Amino acid sequence: MDYNTIFTVLGICVVAAPAVLVAAMGLMALLDRSPSEAAMGQLTQAAVVTGLLAAMAILGLMLLLDTRHVPIELGNWVIIPEQHFHFKLKFVFDRLSVPFVILSYLLCGTVGAFSHVYLLREPGRMRFFLLYALFLLGMIVTSLSGTIETLFFGWELVGLSSALLVAFFQDRAAPARNGQWVWTVYRVADAAFLVAALTMHHLTGGGEFDKLMGAGPWPEGQAALTPNQALFVGALLLVAAAGKSGLVPFTGWLPRAMEGPTPSSAIFYGALSVHLGAFLLLRVSPILKLSPLLCAAIVTLGLLTAILAAMAARVQSDVKSALAFSSATQVGIIVAEIGLGLYYIALAHILGHACLRTLQLLRAPTLLRDYATLENAIGARLSHPSRLWERSVPAGLRLWLYRLALERGYLDAWLADYGVRPVVRVFQWCDRMERKWTDFLSGGQSRESDRVQPSPETLERLEKLL
Amino acid sequence: MLRDQEDRSEQLDELKHLIEHAAHLLPAQGPITVFVHHNTLHAFEDLPFDQAVVEGSRIFGCEPYLSEERYREMMIHERIRTEDISAVLIDDLGDEADVLLGFLGTRYHLRLAMLQHPLRTAPAAELRWVVAETDALRRFSPDVPASVRERSIEQTRHWVMRDLRNGGRPVADDEFLKNEIHDLIQTFGEAHIEEWSAATWESFTLHVLWRMCYHGVHGVHTSFVPTPPPVRVRDVLLETTGTDSDEPVNELLIRFCGAFLDQGFAHWRLPNRDQGFYRAFLALYREPGGPPDVWREGLHKVLDELVRNQTGPLECIDESLSLLGVATEEREAFLSAILLSLRGFAGMIWQMETRGDRVAHPAPTGSLIEFLAVRLILERFALAHAAREGLGFRGPLEELRTAARRAVTPEPGHYAVSVEQRAFMVFQLAQALAWKPQDLYGMKQAEWATLVQEIEAFSDVERRRIYHQAFERLYMNQALDALTLHQRRDDQAAATPRLRRAGATSNGNPSGNGRASKPKFQLITCIDDREESFRRHLEEIEPACETFGAAGFFGVVMYYRGLTDAHFTPLCPIILRPSHYVEEEPVYIFEETHRRRSQTRRVLGAATHRWHIGSRTLLGGVFTSLFGSLASFPLVTRVLFPRLTAKLRKKFGGLVQSPPVTQLRLERGSDVPPGPHKEAMGYTVDEMAGIVERQLRDIGLTSRFARLVVFVGHGSSSLNNPHESAYNCGACAGSRGGPNARAFARMANDSRVRDLLFKRGLTIPQDVVFIGAYHNTCSDSVTFFDLDRLPASHKTDFDATLEVIDEARKRNAHERCRRFETAPLTLSPEAALRHVEGRSEDLAQTRPEYNHATNAVTLVARRSRSRGLFLDRRTFLTSYDPAGDDEHHTILARILRAAIPVCAGISLEYYFSCVDPAGWGCGTKLPHNVASLLGVMAGAASDLRTGLSNQMVEIHEPLRQLFVIETTPEGMLQIMRENEQIDRLVRNEWVFLATLSPHSSEIHVFRNGRFERRRPGSNTLPEVDSSQDWYRGWRGHLGFARVRAAMSSPSEDA
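Line by line, the protein sequences are chains A and B. For the record, in the first sequence the residue sitting at position 23 is 24 according to the numbering used here, with numbers rising by one throughout. For the record, in the second sequence the residue sitting at position 703 is 933 according to the numbering used here, with numbers rising by one throughout.
Keep in mind the hints are simulated off the structure, nothing from the lab. Do not take every clue at face value.
[To be verified] Which stretches of chain A does chain B cover? Using the computed rule of at least three CB atoms under 8 Å from a CB of chain B, they are: (1) 18-27; (2) 420-434.
[To be verified] Not the full set, but computed from the structure, chain B residues with beta-carbon under 7 Å of chain A: (3) Asp492; (4) Pro521; (5) Arg832; (6) Val852; (7) Ser855; (8) Leu856; (9) Val869; (10) Leu1156; (11) His1158; (12) Ala1170.
Computed from a predicted structure; not experimentally measured. Glycine included, every Cβ here is placed at the ideal spot set by N, Cα and C.
All chains should be built: construct the whole structure from the sequences, respecting the hints.
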């Protein structure tokens, strides 16, 4: 047995463990069979431990053999010869993906064990663990993807499970609304991603990162694009990353995502999901290198996010929003680091930040006790001495800045009132035109539904009308 | 001019009065760090309970009782019995029980049937689907017994074959129905009617019944009174357009209120906070160039004008009210509705304003009015925007009220109850009671109307009320029976000493008549229901010990600061404000150690704080994140191995803990008034003697002292639990009561105090030593204080006591574990103790303990009346010896003055949070988010949530508290006369009251305004050897039982 076979077996283990978990949970959910709480916990732990051990083994072997790039191909799954399209499942273990996979397994495993106790007797427990499994699978696929299609596949799984977990408490209005907000932002990001992927296919004739970025192991590849092409594709990918990582102007979804149970907030928004945009930028870093303009844009966006979020974090009076904005601050800095070409620092930053924030979020409910402990140790009320820059800013400007921070940079208002509203208006206009036209054609009121009022009994009255 | 001004100020005063009146509806929960249980519907206490819950549920939009399904489940498990339902029903109906309703029998029978059979209802559309698509018309409901089903089918068959087809009897004059039934027979195949199978007949019967019911209730006039239009335009708009104008307002206000109330979490404090809510808001939002939100376009201009005209908050409210077109007579209702729309924050502002002593940064007086002023300005903008978007309305706001109401005028023919819903209700009853088809067939329209009205008069709230009363009745009867029977058996046992266990004879009668030997030790705990099992186990392990219950502050009302505490904490019930201060100090030889360690602590604390803050800032965050990978170690170990991690932490934490020997600064010179300075701290000897005397007389411990008397305060510690304080001692206002026990023991040990007491006729012998201790009810650990002062002569006594207490901790943990789903039922007591220790250190644990869940009874009596009775941790036990009281019941009155409101508050808070956890309580704990260091929000940005969480109340059974008091009915009535609050709670039935005769097992129950002598309903009380024999292997509810092991100390009134 040669090393390649071992790598392949281990690699399949890494990917298959969460896939099997999703299949098992999904099947049980489909058959309306809820496994016992203990069984669910054991199943999850088994999948995570298998995947984690396999990933560690691969890391060990790679260190032992001194390889930096281990591709595992699982063949073409869809081939459309006329369109020159093939959907190729390919996973790559390299300096970027291996740490990310191990981090995902470690944090997901811990959070899984935590949730096992935390969600005891919760009616939506099965749904939670199914989404959790889906998320884990998405994370692993995204991290290991060797082609842009595979990456998109995992990226979508992560987005779907995250949005559904935000709306976990579906019987209250706020989680459902905020879940939808997150989902909408993700869709915008996905659209940008998809266009970028198609463009890259078009430019290089395939979705494999090897071809796109040149054959060198990450991050030393050389992309075969012109600077203008790189700028175009890179800008689209930057939009995708901005949506996923809560960069300006999408930062507002991050605190809104704190609607789910504490552990899901911790793992998704504190730790893994929010870094996915940065991961994407790291993955396509050879493209970024080609266009200095793009790099400048990335740095600007990152710093802008970091500054805005840091200000917002300073005025938050509830612990989870404060942590969400602190996360956004660090993600902004990480993105700026990527723009500056500091890839290894960015990677280390991601790993450290993810662990730290998960711990902080998991113990967020214990804040009151922590503060009491600190006060007792220090022997006085905790104070926040104002910083030099705060004191040197004139009072009027300080007020203005405070309002900006309290209103979270007005980003949500801009998005809703100046981004979404015009779109809605346009479609409403289309609707009015259509109605006029059909009314004209039918010579009277053409739509029964116009007369129906929105209320719980709507359905019933609709029935009467029909 | 002057006149105008006077009028104006009078008007504003009235407005202010209205607002303050409305404020009483707001939740009265203060900061979550000092959680005090209180009646959720405190504002309604002057109404009878049943009326108040209905009224409250209307105003707050929450449930008054459990759901009908829950009560039905209880019927299945015999927690509600038919006999109790009928007794309650007869009582409730009074003379109306016998009203005859044609073939339906009496009103009582109809209502009983409606309670016995599950009646389901659904929206009309769903019912139509049920009838058309399910087998509702093919098979009888599975709840209907087979015999009833058979009878029903048989009747129909007879009727069809004999009367309908052969015209034996006159048929109804209703042609339509006649034809319908005829068609029905055709459809089923009249030709083969004699060969119809049983299934066909069943289906046919149901079809006939359904047609008749549907036809019968058709056109019955509705007695339904249309609800008045909502007082807020927002509700009307929500109904017509689906847009909630509160949404943007609340989003902004939640942020702003959070910043305003913040107790020091945000690094950047709200500018101008000292100037109050209104001015801070105006200052922040009056400048242009602010938020671009479309709905509040122009807000800054309005605010700027308010500032320039120097309009005060009250005037501003007045202005907003007229702009919104609120008529003078609507004002009160409107203002209440507005306040309740963000009730958590409004209530917290009111609390911070009225009880500013409980927080670090109180709110200035008038903050609630200022909040309301801002709320109304925003309301104006949000409504105008919503009306513009939804209705295309652009006129002045005051006209919006009428315009919007016009838009919701209900369509004619749109009833609150649909024909389907009515028909289905009758249909289900017809099935369950086997009503004869010919009876229904012959019913006139007026009779149908009566039937429908009768059914609708007994609405679901009414049904739930009866279920609830039946549920309470059973538990109350069982409890009172248990007390009576227990006493009788004690009396029998005393009369025949031969039957007593060998150990019993040697240790005698505790009433102090000289025959008895002294108890091994005496132990006094809080009255808390969680200590009941602890005391029971102690008595089982060492039958020669005695236990007492007293409110857990033990009469020591103080501000206390521990050696490692930053601030003074009030350790006394919330209604008292202490004037004495007590501090813990290191003893002389450890002063240096203490100084060094507190230095280290301060350095470490400051570093941690910097790390805390730093991790959330820009550059500090980079630094901490780069080392953040290190966080994975505590992350993984804390989650996977909580107990081990806690042990390690304790080991290392020991280096910075307070030194091993400390003392309390407890004594002050008699010439210094009490105060927070070093010299003014503590009590004079005289005051100490007063405290000790009062406490000992309260619990009736005035003679027969054991050599060792242990006072045990209690508290609870858990992680990731914002409600941690709610688990602590209620008598210490949500703090831990250890220091009170410690202080009390020190006082009682003081020889000068004993001399004073001796002069007042209370002799504490020389060889009696008091010890203070602290019981952690979550991890079941017990810590003792001041053991360095334990005389050598008492070392063996203490060792023996310690052994008993250690065993009791294990058994107590074991009994608690039966309720924890993650603890296997087969755990050994040792493993159970480890389990509960792990629970209190587990970050992921949402149920560190169950707190007061299942509390149901308060017993104010000598322990001998309940000793050896298994009370399942459901009873508050207050020790009181009527023999030691005077004829004015002075001691009892002062005990009850605290005990009844406090225990009723706990019981009622649990009642409401349990009945509707998402409405009255704070919902599930999982998404809780600590806000402003004051309370919790659900998720990212919600109102502050008050009350208890799902996880705290899930095993609770909502029962009103039953107080059983060892005194005479006359004595109790006298106390009620003198105490208005007790009287109100009892007479309005927020609690139940019974007296237990001091001389016999006779019980009087307070009903309908007077005490009635009670006849025991049952003669059986199970008897077991030990508590374990009774509770082992069982998670759910357990009844009362007599435990022999604890019985060796015979009752004193034998």
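Now for the hints, and whether the structure bears them out:
1. 18-27: Contact hint for the region 18-27 of chain A vs chain B: violated, 0 residues under 8 Å.
2. 420-434: violated (count 1)
3. Asp492: holds (4 Å)
4. Pro521: Hint holds; B:Pro521 Cβ to chain A Cβ min 5 Å, cut 7 Å.
5. Arg832: This interface hint holds because 6 Å falls under the 7 Å limit.
6. Val852: Given a least distance of 6 Å, the restraint on B:Val852 holds.
7. Ser855: This interface hint holds because 4 Å falls under the 7 Å limit.
8. Leu856: holds (5 Å)
9. Val869: holds (5 Å)
10. Leu1156: holds (4 Å)
11. His1158: At 6 Å from the nearest chain A Cβ, B:His1158 passes the 7 Å test, so the hint holds.
12. Ala1170: holds (4 Å)
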